[in-house]
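**Student:** This is what each chain is made of:
4 protein chains.
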Amino acid sequence: MTDPDVRDAIMTATYEALCEHGYTDLTAQDIADRTDKSKSLLFYHYDSKEDLVADFVDYLVERFDEWIAETRDLTPSERLATFVDWFLYGSGDDDERQSFHTAMLEIRTQAPYNEQYRKELRKSDDRLREIAEEILRNGIETGEFTDHDPEETAALLIATLDGARIRQLTLAEDDYIGQVRSAMVARIFDDILAEDVSFPEGLLPDEIDIEGGVDGTSDLGPSSETRQPEDEHGSSEDGAE
Amino acid sequence: MTDPDVRDAIMTATYEALCEHGYTDLTAQDIADRTDKSKSLLFYHYDSKEDLVADFVDYLVERFDEWIAETRDLTPSERLATFVDWFLYGSGDDDERQSFHTAMLEIRTQAPYNEQYRKELRKSDDRLREIAEEILRNGIETGEFTDHDPEETAALLIATLDGARIRQLTLAEDDYIGQVRSAMVARIFDDILAEDVSFPEGLLPDEIDIEGGVDGTSDLGPSSETRQPEDEHGSSEDGAE
Amino acid sequence: MTDPDVRDAIMTATYEALCEHGYTDLTAQDIADRTDKSKSLLFYHYDSKEDLVADFVDYLVERFDEWIAETRDLTPSERLATFVDWFLYGSGDDDERQSFHTAMLEIRTQAPYNEQYRKELRKSDDRLREIAEEILRNGIETGEFTDHDPEETAALLIATLDGARIRQLTLAEDDYIGQVRSAMVARIFDDILAEDVSFPEGLLPDEIDIEGGVDGTSDLGPSSETRQPEDEHGSSEDGAE
Amino acid sequence: MTDPDVRDAIMTATYEALCEHGYTDLTAQDIADRTDKSKSLLFYHYDSKEDLVADFVDYLVERFDEWIAETRDLTPSERLATFVDWFLYGSGDDDERQSFHTAMLEIRTQAPYNEQYRKELRKSDDRLREIAEEILRNGIETGEFTDHDPEETAALLIATLDGARIRQLTLAEDDYIGQVRSAMVARIFDDILAEDVSFPEGLLPDEIDIEGGVDGTSDLGPSSETRQPEDEHGSSEDGAE
DNA sequence: CATGAATGAGCATTCATTCAT
DNA sequence: TATGAATGAATGCTCATTCAT
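Protein chains in written order, with UniProt numbering: chain B, 1 to 241; chain Y, 1 to 241; chain W, 1 to 241; chain E, 1 to 241.
Hints listed in this document are in silico derivations from the structure and should not be mistaken for laboratory results.
Quick reminder that beta carbons are idealized off the backbone N, C-alpha and C, glycines included.
Any given hint could be a false lead.
What the hints assert, rightly or not - 30 Å max Cα-Cα, derived DSS-like pairs, lysine-lysine:
| hint | chain 1 | residue 1 | chain 2 | residue 2 |
| --- | --- | --- | --- | --- |
| 1 | E | K37 | E | K119 |
| 2 | W | K37 | Y | K37 |
| 3 | W | K123 | Y | K39 |
| 4 | E | K37 | W | K49 |
| 5 | E | K37 | E | K49 |
| 6 | Y | K39 | Y | K119 |
| 7 | B | K49 | W | K49 |
| 8 | W | K49 | W | K39 |
| 9 | W | K49 | Y | K37 |
| 10 | B | K49 | B | K37 |
| 11 | B | K119 | B | K49 |
| 12 | B | K39 | E | K39 |
| 13 | Y | K39 | Y | K123 |
| 14 | W | K49 | W | K123 |
| 15 | B | K39 | W | K123 |
| 16 | B | K123 | B | K49 |
| 17 | B | K39 | B | K119 |
| 18 | E | K39 | B | K37 |
| 19 | W | K39 | B | K39 |
| 20 | E | K37 | B | K37 |
| 21 | B | K39 | E | K49 |
What the hints assert, rightly or not - Covered stretches of chain B, going by a simulated chain Y footprint (3 or more residues, C-beta under 8 Å):
| hint | region |
| --- | --- |
| 22 | 121-135 |
| 23 | 156-169 |
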């Protein structure tokens, strides 16, 4: 894989195919069809479909890291809010986002059976927890957050965020995520934020762009616009003081 | 499906097959192999494999309801602790439990693509939320819990529990669940429990027995013993006062 | 494989496909095409193509044993001559016979790489050597053959016969087999046969019928006729006195 | 193919790949991997894989001729013994030799389906028979051998040798070759050798070196040592008087 | 009810060969 | 010469589902 364009093309095609078919029904053909290349080429570049998907997970981590870098300049509470909303609402248009997270959940679901996926996913999750802890720790240092155990809180935070998202995806018809978000602000962040700090309205920076390009010409969706959480979650500021 | 014994046999076989192969690799043959009947018979009783799995989810709800009935006599805080530990630690031996939840997660993962699964799973989830809300509401009534919005709290609680379990299953190597549990007790229950009430040490009643039998002769594991959470979560009472 | 008709059908189809394509280019489809059944059925009855071919070799041994039984009543020297000509000229029409032996040789060729084939082929070869030794031993007992080491002679005999056939198949344009046959009669049998015994003109009993039927309606070739070696080998009796 | 070094490199690689994978599983990649060149280059030098293999057979004949030239100075009975042992035991270490002959047998097996291979193999075989006849004819002239038909005897001899080797390769677990060798000495050579001549203990001259180099730096194995047949065949002189 | 046999639609993967550079 | 990238045509095998009995 000497040519990064080809990898990008395959990764983008994989992303699209995952959104459309889900992991369980993902075939090599589905991926190739979203490429101007042949199915055989996939196996020229990867030893197996599994390898390809594992690389896809890795690719996502790279995109995530790029995105995280963009939030460095925000204050801890802003970063926290950004993090939460990115987690809960993500990037891409609504349908695509749901499709994508569904597919990713399917891949996670295979982790117990699949060493390779497990390894990549853990790598990705380690980054996630590191970032969350870093944000909390910074907040404690700057005095924006009350003193608490950042590791434990990060674990709780991410469990809740992940659970909320997964449940929204797999079960809910109503705005389950919004409900959890307010509860989280009220019950968890209220304890964490210092007296005079309120939980900022979510503001996402440039989204994670799967395609990795800068011009947003990807057909992965209108990925360069700043996303706002839907209105019903706007109640956050009310619940946060 | 006129004969309930046959249904039980098929459901038990499905459970075992799911534990062993996971949903993605579950074949009709796998199920039939765990039965003294033939593969064709499955299609005599169900129109498709999908139908069979959907019925399996329904079957689980029935078992859940039976199990819930057994907790009616506990105090709200006891029921809450029981609920939490059942959710996080479940029934069955350790391996089986994990296998089972992994397989169930796979099925949930299909919900976005599968109307039928979605319907059954929502039914199951509705029961779950009802129970959680009921427990919280009862606690408020008896004064064991402080006044709060039970629906929102239930949503938060379940999101966290679900997220913790899923993350333990799909990502964690360490005792992630234990970490989340303590954080939850410290940050969420502390607010909920009235001044003089502490979070009880988890005590599970008779477990949900998938097999539904009363004699416990099933090979689904030693399912009738009362389970205790592992030691590291026993710290709950410490963190809850 | 409860129904022997199906096995027979598959074996016959395998025989024909082997004759036509050779082992190297034998595909499951080729076999299925010579059946009124589907390709999938082959894998219903056999776990793999390899298993099927191994069973085919076994099937041949069964046919061989049936054929051998028919020669029990001949005198040792007659049996020897029959054995030699069966080995060198075999059954079936000329083209088919060659094709078949070629395919069998390909299978033998895989033995060093394939445990399963090796096992079946050895079984088949053990029968062959047993029969040859039995013939020689009987001849010594009846005084038709001079005293010699039957095991060693059988080894030499079969090596020569096998080599001759293989070389005819893979290399020769001329009547190489005939040449070897006369030389064998002159140089080997001359020593073995007692003073007053001459090597009988080859006379094959009913041929080995791959199909195993009794009516010869198989399309495996006109297999029930008594075969005679081609004329040019008729010189055998000349060289043997 | 202007550069003989490239041809040598490809031929050597082909030899090694054949030993390791056998003909049936020989891929162009396998050959290229044993070269410092790319797979595409093979198709630059040869129109097809088949062409390459055909050239490989031709290459072997060239090596054989070089080797034969070295035996010119021996007496006919010495050359005969050398020829026999070269045929039965060949050159190279034990494993390699077997692997190689197995692969060659696979190629021979394709001859009936493949004009090109057939042509090359016949050329190679013609040389073999010529040499055998030449040795026998010389022996008759010098009086070392009794008068007999050299062509017929050569045919018999080679059939037996070839059969023995092939059977050892594809079937035998025991020392089948040794058994045939003694029988051959006792039953065939005894008739051929003049009264006062005994079959010499096999002595191989410099072996055929596939690589064709003179310095023996090839990793084809320690190919320049004189090989001796295994002990159990040393009984030849005993059986030959 | 119950089943063994049967099948069609796929699917991941392989590999000789081609081609632009 | 030389190669990395690319591909079409197969191939063995799987599995939900059907059906005759």
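**Student:** Which of the listed hints are not met by the structure?
**Tutor:** Hints 3, 4 and 15 contradicted; others consistent.
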